[in-house]
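A.B. asks: Sequence:
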Amino acid sequence: MDKLTWKVEGFAELEQQLKAFSDGYRYDLVARQTLVKAAKTSMERVLFDVIANAPYDTDRPATDSDKPHLRYTARLDARIPYEKDKMSDFVKDTDAVIAVVSVKKSAVSLSHEFGNARTGAKHFLRNALESNATKVVNDLKSELAIIIPEYAKKLSRMRKK
Numbered sequence: 055m056d057k058l059t060w061k062v063e064g065f066a067e068l069e070q071q072l073k074a075f076s077d078g079y080r081y082d083l084v085a086r087q088t089l090v091k092a093a094k095t096s097m098e099r100v101l102f103d104v105i106a107n108a109p110y111d112t113d114r115p116a117t118d119s120d121k122p123h124l125r126y127t128a129r130l131d132a133r134i135p136y137e138k139d140k141m142s143d144f145v146k147d148t149d150a151v152i153a154v155v156s157v158k159k160s161a162v163s164l165s166h167e168f169g170n171a172r173t174g175a176k177h178f179l180r181n182a183l184e185s186n187a188t189k190v191v192n193d194l195k196s197e198l199a200i201i202i203p204e205y206a207k208k209l210s211r212m213r214k215k
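Here our numbering is used: position 88 in the sequence shown is 142, and no number is missing along the way.
Don't read these hints as lab results, they were simulated from the structure.
Do not take every clue at face value.
Said to hold, decoys possible - Pairwise CB distance ranges, derived in the manner of DEER restraints:
| id | residue 1 | residue 2 | range |
| --- | --- | --- | --- |
| 1 | Ala171 | Lys207 | 23 to 33 Å |
| 2 | Phe65 | Ser210 | 19 to 29 Å |
| 3 | Lys195 | Phe102 | 27 to 37 Å |
| 4 | Asp143 | Phe102 | 20 to 30 Å |
| 5 | Gly174 | Lys73 | 45 to 55 Å |
| 6 | Glu67 | Arg125 | 37 to 47 Å |
| 7 | Pro203 | Arg80 | 17 to 27 Å |
| 8 | Tyr110 | Arg80 | 24 to 34 Å |
| 9 | Ser165 | Arg213 | 24 to 34 Å |
| 10 | Tyr110 | Asp77 | 18 to 28 Å |
| 11 | Arg213 | Tyr110 | 18 to 28 Å |
Claimed, not checked - Result set (DSS-like, lysine-lysine): computed pairs, CA atoms no more than 27 Å apart in a straight line:
| id | residue 1 | residue 2 |
| --- | --- | --- |
| 12 | Lys159 | Lys94 |
| 13 | Lys159 | Lys138 |
| 14 | Lys214 | Lys158 |
| 15 | Lys140 | Lys94 |
| 16 | Lys73 | Lys94 |
From the three backbone atoms N, C-alpha and C, an ideal C-beta is built for every residue, glycine too.
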């Protein structure tokens, strides 16, 4: 499986700026209010793409008593990486935040995404990320440009109290 790779510049400076304006406040809380929010918002288009393109058996519509179709199990999570996250090849020790779009882990979801002995892969998770990657990065940049100054103002007001 090929990894989607990026050359990213400027995050060391961004981290220094966040630390500078958050002086006196816990950095993880500042990161949750800025980086995590921006990452989650920027990945929403990937979630919508997964929901739209997840395999769905039209001959067998979902019911309450039936197993849910993959599109109904799609979710988006953004967070500061846990130690368990860092065991992944896709998460580095230096990552400040991760955003993950996933579906319920099952034989069906794994079979669709990666294929099995009888059927080939029908990538819907990977395709959603790859087709939206540039937009996600641009959205992240835009979100950070809005969220960070707003949060800096909020911290400034809190310091004046």
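A.B. asks: Where does the structure disagree with the numbered hints, that is, which hint numbers, in rising order?
C.D. replies: 1, 3, 8, 9, 10, 11 and 14
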